[in-house]
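K.L.:
One letter stands for each residue in the lines below.
2 protein chains.
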Amino acid sequence: MDDSRIGSRFYFIAKMKDQIPIDLVVTGAKILTLDEHFTEYDPGVIHIIGNRIHHIGPDDAAQQAVKARRILHADGRIIIPALFNSHNHAGMSIFRGLGNDLSLDGWLNHFIWPAEKRFISPETVYIGSLISMMEMIRSGTGTFSDMYFFEEEVARAADKIGMRAILGEGVMDFPTPSHPAAFATLRHTREMFNEFQDHPLITISVAAHAPYTCSPDVIRKAAELAKELNICSNIHLSETIKEVETITSRYGKSPAKYLSDLGFLGPQTVAHHGLYFNDEDLDILAESGTTTATITNSNMKLGSGSLQLKKLTKKGIHVSIGTDGPASNNHQSMIRELQEVARVQKVIYQDPTVITPPELLKMATINGAQGYGMGQQLGSLEVGKLADITIIDPGGPHWYPPFDPYNTIAYAMHSGDVESVIINGQLVMEQRVFPNIDEEEILDQFRKISQQIRQEIHQP
Amino acid sequence: MDDSRIGSRFYFIAKMKDQIPIDLVVTGAKILTLDEHFTEYDPGVIHIIGNRIHHIGPDDAAQQAVKARRILHADGRIIIPALFNSHNHAGMSIFRGLGNDLSLDGWLNHFIWPAEKRFISPETVYIGSLISMMEMIRSGTGTFSDMYFFEEEVARAADKIGMRAILGEGVMDFPTPSHPAAFATLRHTREMFNEFQDHPLITISVAAHAPYTCSPDVIRKAAELAKELNICSNIHLSETIKEVETITSRYGKSPAKYLSDLGFLGPQTVAHHGLYFNDEDLDILAESGTTTATITNSNMKLGSGSLQLKKLTKKGIHVSIGTDGPASNNHQSMIRELQEVARVQKVIYQDPTVITPPELLKMATINGAQGYGMGQQLGSLEVGKLADITIIDPGGPHWYPPFDPYNTIAYAMHSGDVESVIINGQLVMEQRVFPNIDEEEILDQFRKISQQIRQEIHQP
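These protein sequences, in sequence, are chains A and B.
FYI, our numbering numbers position 193 of the first sequence as 193, with every residue one higher than the one before it.
FYI, our numbering numbers position 217 of the second sequence as 217, with every residue one higher than the one before it.
Hints should not be assumed to be uniformly reliable.
Given that identical chains are not distinguished, each listed pair holds provided it fits within a single copy or across any two copies.
As the list claims (entries may be wrong) - 30 Å max Cα-Cα, derived DSS-like pairs, lysine-lysine: (1) K257 - K160; (2) K314 - K242; (3) K221 - K315; (4) K253 - K315; (5) K315 - K227; (6) K242 - K311; (7) K314 - K257; (8) K160 - K311; (9) K242 - K67; (10) K67 - K257; (11) K314 - K117.
It is worth saying that the hints were derived from the structure and are not from the lab.
So that you can see chain A by itself, here it is in the shape it has in the complex (with noise of 0.2 Å):
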């Protein structure tokens, strides 16, 4: 297999008024794009200007005359778009493993909301996200939304390694790690707003934490803040048949509809999970033209259940991927979780049809990127759309025999094919180096917090 040659050519200052700057070409790759028609270019090529595409198509012989400030040769790579974690809570990586084989309720009321009253700090959240994102990265993903507390560290974290971040302080009714009550946490988000309106990385999003968390008032709250600031929001939903149980008692209707009631949900809204929607749930949903992300991994090792993809798409909901946060899934790879779909809608409908691959990717990427309303931005490789572009070796032998790209990346690919990820058109992982950060420095920070928090969690 040949190696990826980093070369470079001069850059020439545009003299000539057609004559525009390149910043990075990528050439000679196979280029998934993901667009609507599922067009693909091998070889193809890719100019990136600042941090959009600007030209994509055939790496033919009129490319060879291309100058850039940086040259890429993919010379046998296959491209995608950079994936799209639509639910995560990146700094629970500090938890990874603490509460073995519980159930959800269990689990977060015994372990986890005392871990985090103790545990989690600006500190604890700035290194656990890294260590998220370094996870996420290596597996090719370029976007992740996060839910959790301190996220102004997140955005420092995405920042320093240079990842896509769309950030929620998590609501809730009663006290949180960062905050003594809601509205403490929706004023801090609209402080969020402001500061990072104008960061080409960071979207604030607003995070109610679930139904069952937070009270009418605060989730009318929450979204009318969403509505005055325009922006995204995203929430727990129907995650377990007890919290279905819990909100019908409490309010007499479907959790669905309690926040559509409240004016939560809308075409800029993520819903996560999704595992218990009754008939007049999924007509909300569409109608609302909330996004449903599907968080496969999670729901399977809390024993959740499983998401009924076939009854959302019927009703024309679109269906996103999250991996969920470090402690329950346990992994950050948004390929194995797109993996992980594919089977369990396959055994749960005891149908391998119902699922293709090429729809699993979009899944995968664009869904993710319309969900939060950035369709128009991000998800699939396009001329004007933002350069998030994840670069795959498939020379392994699990690539072989090279029958079907996406076939291959929803049954037999593994994380560590990827090699290297350009977001915001900058390369911030490089033949799965970190160009941006220490990683063993890094590493060490974690592995004195894990040792601590390990020490101290068995203590009374």
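Following the hints, complete the assembly by docking chain B onto the known chain A.
P.N.:
Here is chain B on its own, set in the frame of chain A:
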């Protein structure tokens, strides 16, 4: 993270009667023995003489004085028994990705069986199997049970790379790529038994394909051969509802009863899949001592269904784990396979407590060995057993916090964390490198075969 330093000491020929020359010492790691008490040593040491474990225990000060032909410093590593893959069709890597998203029936009849007629030969089986073995060893597997054609080529490949293999030439009513009829296959099985009796890595098995491809006479003769030679046997069993209907309609009994009445089941028999057992079948399996190998990823991908583990274990039926062939998974990793078992069982019972990581590891090691009558020799790290050992690097961020290695293996480990594998006392993979094969040359041959198949497959 310290690098694993491979040092060496002088080898002293034993002059004194009580001085034993040790071939390989592995020091410094956390050892999970998977013995019946789940004994652990941290740090631990293993002494290997020839192909067996001579000593295993704490790596204390006294160990400093030990002399050996070679010392492998595995400081900070995690050691487990090499994994045991109970079911594979290794040569099918040449068909990976062929025929997308089809049911078992359509896939076999319209793609695989026609393709096998054209492309399965000694050459393609040798290369295809070697490719699968590379993937298996890279993900920590030491032994696999194969059911395919030209199994003496698989033996040649296993011998080349140094992998332990249980080989069964697939017995069917109709002509196979290697034999015109069942009687010829059974005769060949006997010949292979004679040829490989003393081979340290190769065990021959009687491999009848399935109840729906083997008539009563063939099953009976296969069972008799296994009894006569006192060797293990294996078969696909109750993989689909259609199989149950077919057998019931043909013979007026369930597939399990069909086999049992013909004498095929027993304590050295492994039945693959086992998705559709009725209550009587469960009793039959329990009484006969037959092991069921669960083949989770394949069951999902082909939409066949899910094993109901509790129903089997409640009756005392042993359950092991297998990957199936690379064309119906499509990976070959027992790490990912055992992780999938965990998720599926938790979600089908909607109960995360239904299975624990230590149980999973047993299913992936000692249960596999016991199924094939090798439980005294393999499957756990104990004095006197064969030295089949997997050495894992737990340095990646997903291994932290280090609360519980069983937990991490079950939920977060990547196949790529496997660093070195010892099989039969020999290092068959060291720091991800295979000392016994030219990997690039094999990949090259495999790619040529793959490309050829890809071109020809679309011609009439």
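K.L.:
State for each hint whether it applies.
P.N.:
Structure-based check of each hint:
For a Cα distance limit of 30 Å, the shortest separation of K257 from K160 qualifies neither inside one copy, at 40 Å, nor across copies, at 63 Å. When the C-alpha separation of K314 and K242 is checked against a cutoff of 30 Å, the pair qualifies both within a copy, at 26 Å, and between copies, at 28 Å. For a Cα distance limit of 30 Å, the shortest separation of K221 from K315 inside one copy, 29 Å, qualifies, whereas the shortest one across copies, 55 Å, does not. For a Cα distance limit of 30 Å, the shortest separation of K253 from K315 inside one copy, 21 Å, qualifies, whereas the shortest one across copies, 43 Å, does not.
Only within a single protomer do K315 and K227 lie at most 30 Å apart by alpha-carbon distance; the minimum there is 25 Å, versus 58 Å between protomers. For the identical chains of this complex, K242 and K311 are neighbours both inside a copy (21 Å) and across copies (26 Å), given an alpha-carbon limit of 30 Å. Taking the shortest alpha-carbon separations for K314 and K257, only the intra-copy value of 20 Å comes in at or below 30 Å, while the best inter-copy value is 42 Å. Taking the shortest alpha-carbon separations for K160 and K311, neither the intra-copy value of 41 Å nor the inter-copy value of 51 Å comes in at or below 30 Å.
For a Cα distance limit of 30 Å, the shortest separation of K242 from K67 qualifies neither inside one copy, at 60 Å, nor across copies, at 61 Å. In the homo-oligomer, the alpha carbons of K67 and K257 never lie at most 30 Å apart, since the shortest distance is 56 Å inside one protomer and 72 Å across protomers. Neither within a single protomer nor between protomers do K314 and K117 lie at most 30 Å apart by alpha-carbon distance, with minima of 42 Å and 41 Å respectively.
Violated hints, in rising order: 1, 8, 9, 10 and 11; the structure is consistent with all others.
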